[in-house]
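Taking the hints into account, I'd like the entire structure generated from these sequences.
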Amino acid sequence: MTEVSMSLTGHLKELRTRLLIILLSFFLAFFVGLFVSKPLILFLQKDDLPKEVILHVFKVTDAFQIYIEMAFIIGLILVFPVILYQLWAFVKPGLHASEQRITLRYIPITFLLFLCGVVFSYVITFPFILKFMFQFAAELGVETTIGLATYFQFLLQIVLSFGVLFELPMVIMLLTRLSLITPNGMRRARKYAYFCLLIIAAFIAPPEILSHLMITIPLIGLYEISIVVSGFTVRRMDKEMNMKKML
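So for the sequence shown, full-length UniProt numbering puts the first residue at 1; every next one is plus one.
Because the hints were derived from the structure by calculation, they are not lab data. Among these hints, one or two may not hold up.
[Unchecked claim] Heads up, simulated DSSO-like pairs for lysine-lysine below, C-alpha to C-alpha not over 30 angstroms straight-line:
| # | residue 1 | residue 2 |
| --- | --- | --- |
| 1 | Lys-38 | Lys-59 |
| 2 | Lys-46 | Lys-59 |
| 3 | Lys-131 | Lys-59 |
| 4 | Lys-92 | Lys-13 |
| 5 | Lys-46 | Lys-131 |
| 6 | Lys-38 | Lys-191 |
| 7 | Lys-92 | Lys-239 |
[What the hints assert, rightly or not] Computed Cβ-Cβ distance ranges for the label pairs, DEER-style:
| # | residue 1 | residue 2 | range |
| --- | --- | --- | --- |
| 8 | Ala-138 | Lys-46 | 19 to 29 angstroms |
| 9 | Gly-185 | Glu-143 | 47 to 57 angstroms |
| 10 | Phe-35 | Ile-102 | 30 to 40 angstroms |
| 11 | Leu-175 | Leu-140 | 15 to 25 angstroms |
| 12 | Leu-12 | Leu-42 | 43 to 53 angstroms |
| 13 | Leu-175 | Glu-139 | 39 to 49 angstroms |
| 14 | Leu-12 | Phe-132 | 49 to 59 angstroms |
Note that the Cβ used here is the ideal one computed from N, Cα and C, for glycine as well.
Encoded structure:
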């Protein structure tokens with residue numbers, strides 16, 4: 001067996017080990033989610049917004065379906081840092097010592113950004129959209145009747161989408177370090193980026209202009225923050241390069 005094939009075999013074995021760790025961690029996290037899911041669903045129903053309507057079950061399996069889906073989502077959120085760490089550990093041998101330290105710091109920040117996106121959407125975006133829909137239905141003289149599955153699936157769609165989109169500054173920082181993008185390039189591509197964000201918001205928001213704008217505006221803000229982050233990263237890289245030259 002050649003050195004290249006041995007190296008490839010070693011990488012595949014390590015990848016399999018990393019994937020097994022992630023899989024086992026997810027099963028444990030999902031098991032925790034089964035215990036947390038029910039009290040979380042009950043807690044979310046006691047919020048001010050759901051109190052305005054009675055949540056109904058239209059199919060026999062709706063309640064159990066939401067219970068399992070919520071446990072699954074909780075499991076994914078809990079295992080998210082483990083996934084990031086295993087990914088870092090897999091690519092670690094190919095990184096310099098300084099790069100290892102820097103990328104390791106990304107893990108807690110990335111998870112924190114995800115949680116910030118979830119909290120932001122639940123506290124600000126989701127209530128705005130829901131209140132608007134309720135008020136619009138009331139103006140039409142329509143009684144609001146919402147299914148349990150429909151309500152929680154819509155809630156998860158909003159909060160999880162924002163959780164993922166709040167990772168944008170971290171992704172931009174990584175791409176900047178890889179010299180794939182620059183802050184000036186992001187500024188030049190601003191109008192195209194805004195158009196893409198409008199399309200992304202259309203997939204998240206209901207087909208209504210105010211809700212669409214309520215989602216698009218924070219995304220544009222994230223893009224502008226990402227430009228600042230990219231600029232900071234470039235200055236940091238230049239500083240590190242100058243220090244290496246001095247040494």
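Do the hints match the structure? See the list:
no., hint, verdict
1, Lys-38 - Lys-59, "holds (18 angstroms)"
2, Lys-46 - Lys-59, "holds (22 angstroms)"
3, Lys-131 - Lys-59, "holds (26 angstroms)"
4, Lys-92 - Lys-13, "holds (15 angstroms)"
5, Lys-46 - Lys-131, "holds (16 angstroms)"
6, Lys-38 - Lys-191, "violated (44 angstroms)"
7, Lys-92 - Lys-239, "holds (23 angstroms)"
8, Ala-138 - Lys-46: 19 to 29 angstroms, "holds (22 angstroms)"
9, Gly-185 - Glu-143: 47 to 57 angstroms, "holds (52 angstroms)"
10, Phe-35 - Ile-102: 30 to 40 angstroms, "holds (37 angstroms)"
11, Leu-175 - Leu-140: 15 to 25 angstroms, "violated (46 angstroms)"
12, Leu-12 - Leu-42: 43 to 53 angstroms, "holds (45 angstroms)"
13, Leu-175 - Glu-139: 39 to 49 angstroms, "holds (46 angstroms)"
14, Leu-12 - Phe-132: 49 to 59 angstroms, "holds (52 angstroms)"
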